[in-house]
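**Q** Keeping their order, the protein sequence lines are chains Y and Z.
Each residue of the first sequence is one higher than the last, beginning at 132 in the numbering used here.
Each residue of the second sequence is one higher than the last, beginning at 393 in the numbering used here.
Just to be clear, a hint being listed does not mean it is correct.
Stretch-level coverage of chain Z by chain Y, calculated; a stretch enters the list once three of its residues show a Cβ under 8 Å from a Cβ in chain Y [unchecked claim]:
#1 526–532
#2 603–613
#3 721–731
#4 749–762
Hints were generated in silico from the structure; no laboratory data involved.
These numbers were taken from a predicted model, which means no experiment stands behind them.
The C-beta atom is built at its ideal place from N, Cα and C for all residues, glycine as well.
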Amino acid sequence: MHTIRHFTMCAALIAAVVAAVAATHPGPAQAAEPAEGQLIDVLTSDAPRAEKAITCKRLAVWGTKDAVPALAALLPDEELTSWARIALEVIPGPEADAALREAMGKTQGRVLIGVINSIGVRRDAGAVDALAGRLQDADAGVASAAAVALGHIGNAAATRILKQSLPDAPPAVRSAVAEGCILCAEKLLAEDKAQEAAALYDLVRKTDLPKQRIVEATRGAILARRSAGVPLLIEQLRSDDRSLLQIGLSTARELPGNEVAEALVAELKQAPPDRAALILLAMADRGDRAALPAVMEAAKDGTPRARIAAIGVLERLGDVSCVPTLLEIATGADEDVAEAARGTLANLPGRQVDADLAARLPEAEGATRRLLIELVGQRRIDATDALLSAADDPDAEIRAAALLALGETVGADNLAVLITRVAGPEKPEDARPARQALRAACIRMPDREACAARLVAAMPEAPLSAQCTMLEILGAMGGSKALEAIGAAAKDASPELQDTASRLLGEWMDVDASPVLLDLAKTAPEEKYKIRAVRGYIRLVRQFTVPDQQRAEMCRAVLAVAERDAEKKLVLEVMQRYPSLDMLRLAVDLAKAADAAGAPAAKAEAAAVSLAIAQKIGGRSGDVQKLLAQVGHDPVKVEIIKAEYGAGTKFKDVTETLQRHASDFPLIVLPSANYNSSFGGDPVPNTVKQLKVQYRINGKAGEASFPENATILLPVPK
Amino acid sequence: MSKRMASLDRRRFLKTALGVGAAVMAPQVIPGTALGRGGMAAASERIVLGGIGIGNRGTYDLGCFLPEPDVQFVAVCDVKAARRAAVKKMADQKYGNQNCDTYRDFRELLDRPDIDAVLIATGPNWHATAAIYTARAGKDMYCEKPCTKNISQSLLLAETMRRTGRVFQAGTQRRNLPHFAFACELARTGRLGKLKAVHAHPAGMSTSSSGWAAPEPEPPKEEVDWDLYLGPAAWRPFNRALLDGFNFEKGGGMVGGGVLEWGSHCVDLCQWAAGADNTAPVEYNPPQDGRVVARYANGVELVIRNDGWLPLGSCPVRFEGDQGWVEAGDSGKMVLSSPALLAGRKVAEIGGYPATFHVRDFLDCVKTRQKPRAHADAACYSHIACHAANIAVFLDRQVNYDPVKNEFIDDEQANRLRSEALRAPWRL
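Using the sequences and the accompanying hints, generate a full structural model.
**A** Spelled out as structure tokens, the structure:
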């Protein structure tokens, strides 16, 4: 009982604090002042440990120096120490520092490690001497924590102590001391004490340590020296040690300066091919254009892997001067290398590159001609005349490449070339690339309505398969003209067109399709297409953003044409998903219509939907209650006898709250859908709770329980 | 990322989408002996991989790693015996042997010098801590999302990766899906005009806390190591209900998960689209009409909202400029304000948000030491944006963040929520 009462008090208090902060946005001191004393009381009372734990987290936000003694008292407690540190680590001021320092003398093992870690996070310079003493602790975990904490503090004293400790630190602690030294070196570097930082990094590098510490110190030693660090960088790039090579490669990307770029170029020339490929990638990431000649050489000659890497780098560093070489490689015998070159040619930046490629096309022959055509398409270079000429080439592969390139480049003026080849290709093998090209061209046309009009105009003369292709393209384009054409095709005499068009309408990505679908739902030539249209319409209602009133009207409209229960059920789901007063009116109308038609099950279903909507939009308004009354939810006399909210053995009495919100309907709408908010706090945190209600409706007794946050609809006792 | 880099990656997508295996694309980036220890290894040497915390999501991720021909999975660590056994069975079946080793304590796995990289798929409580220990042990890592529990962890994660030189890939695999990448590129390269707003779906904004559940008898350590499972989270008694799902305040102590669930994906994409991989919004407002609106220093709005999305599947994002917009989701589809935005490009439609490409990106970068798409700095700031939004939700008021100093401006409460003490002996 004490627990419930005590918790209730705390929860209410905490809620009040949160509310105060939310309402007035005061500074933290004002926000915490009235509540802190009671939060501290929780810590010093015999409240359950769970409550103390959560209270520590609250104090982490709102606690002040006044909370420090109560929090500090929890530090030696193995179960609560981590919770207390959550608060002590962030409460500002010397009091928290002092409490943690004091705890160093009262704790041991893991608890002590935690205390030291918090001192490190707070960077408490006053703890340096105490931490230095702990470096000799017999517990390697404690000594290691002290070393890292000193590193975080990183002042001159801490740095000196760590430097002195490093050579002779026990093996189990030495890595942590090195970690502390590296943290100190970073601080020195940030303070523009690069020379001191480099010396400290060097000290670590020369100590017997796990490889990763050496790696970290090596990186630091290079960066601290800037351009003077280049020799050390190159040493790593030549290293036979994988870890050092890796840190060399990543540091090469970090270290700024032209000297670095020059050194990398020089290194490239003498590095083994596979190593050179890695260096090339690092140079590309640096964006050093000075490396271009060396990269070009590497692209021309070497192992395939190194050449591929160099060609990839050209994509970022190259320019028009690379085109001849790349074209030669791209049509060469090594397919992997050639493919890399083709990719780079497709993406090599610059209008000069476009102009160069276009100029080469008319005179090119064989594989180079085909490659240039493909590149024109991929780069979307304006070379229509050359492509139109190539589209009539005797070679089918050249024709196909030209058609595809036209698809990527052709303007509206020349769209007819592609339409003609789709509608009636002279050569059968041209049909497929022509279809792909037309689709690509139509989708990217800025004026899609004009483009759609051209397609629609061409359809009557085209064979059926081409008409279906054009419908698919229209569907991919979207727009009003396309919608109109597809709507008409859905009612065409041809089953193939009906099928294609109705499917496309069902996938339409705009609510503009709704009238077309509704019309089709009424007038489609076949029943299966009517159902498809109804479902397509419901998809629009369910998935697209429309105003509440329009959505309700759409639901009403589709219910008028839906004949099967399955589709009607889908609409009812939509109505609950988008509750509004308009939806409630519709639900009530449905219930009344079902009643008039003598369909009790349908009436019950619609009435349930009405209540669900009412619950979501808030059932207290006069409009809502009047509407509910129309579907049999007549006013009743509701008496709440007893109501409890909680879990397990912890329940709080919420009778008064429920009584206050009870109305003339079995539906009780609380101020918030969240029970915790409505009932003034969470009686059992982090547990799913129940609401138990004893009540009378029109004098008849009933009992019900509701899962947390469920709609409170009291069953009417029989 | 430049257009050229994007195109390089598109080629990778196309190759993989066409079923051309990684072995074919690998030569583009794998330089032979550079892989080797002592400079002597053959070009075919594999990346030796271990796994930490391999449950449902981890098993999916591992399923993306195992088929890669340059991966050798050798060890699994999990605090739950049943999961250790299940993953060992999966690996041993793949290789036709009994060689996959099992560990209860991840530090033993990290002590193995033969392991190059680690898949971290624990609960979010462990992600940042395990990642930092992994980096300190000299190993690269693919780490599931959300990667951090608070702002401080986000910064320390990025700082540690820089210091240690390790390759880090956050498990935000949508960065390596072509339609999302293309949508981000449209926004970042100005093809939507001047960027006005980026929109992210958070999958809810409610916060949660695992609290301190009723104690239950603790199972033997070999079955479930509760102490290791709690890890850096504050102590609480064993309760079996906490063993599954995401627990221990994945979003940062009292603030809870909030917008992090999908935000670590969707806000992350927004950050990429806004060219903000090394910064974060400066202003965060409390929810209004179901939306949290944040604002970058250049005025671009980050709108975090649950509703009003086109039907494009889960984790949708939308980017709006003054000359166009694009919206994309997990269906693999995107909707453009104008087809002209495609500019002739073909963007592969890959639905179902597979991690295959993301894993390949990570493996390539392990070899080349390039930064993967979801590198630590990008993950750092996208998580900071989510944490700061959660803090605005929690405090129910506007908070202002300085992404250079990485502190809230004149706001002690918000600043206190940037970090949370770790239970000993764990430290970042």
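**Q** Please count how many residues of the region 749–762 of chain Z have a CB within 8 Å of a CB from chain Y and say whether that reaches 3.
**A** holds (count 3)
**Q** Are there three or more residues in the region 603–613 of chain Z whose C-beta lies within less than 8 Å of some C-beta in chain Y?
**A** holds (count 4)
**Q** Are at least 3 residues of the region 526–532 of chain Z within less than 8 Å of chain Y when you compare beta carbons?
**A** Three-residue rule met by the region 526–532 of chain Z, so holds; n is 3.
**Q** For the region 721–731 of chain Z, do three or more residues have a beta carbon lying closer than 8 Å to a beta carbon of chain Y?
**A** holds (count 3)
Of the numbered hints listed earlier, not one is contradicted by the structure.
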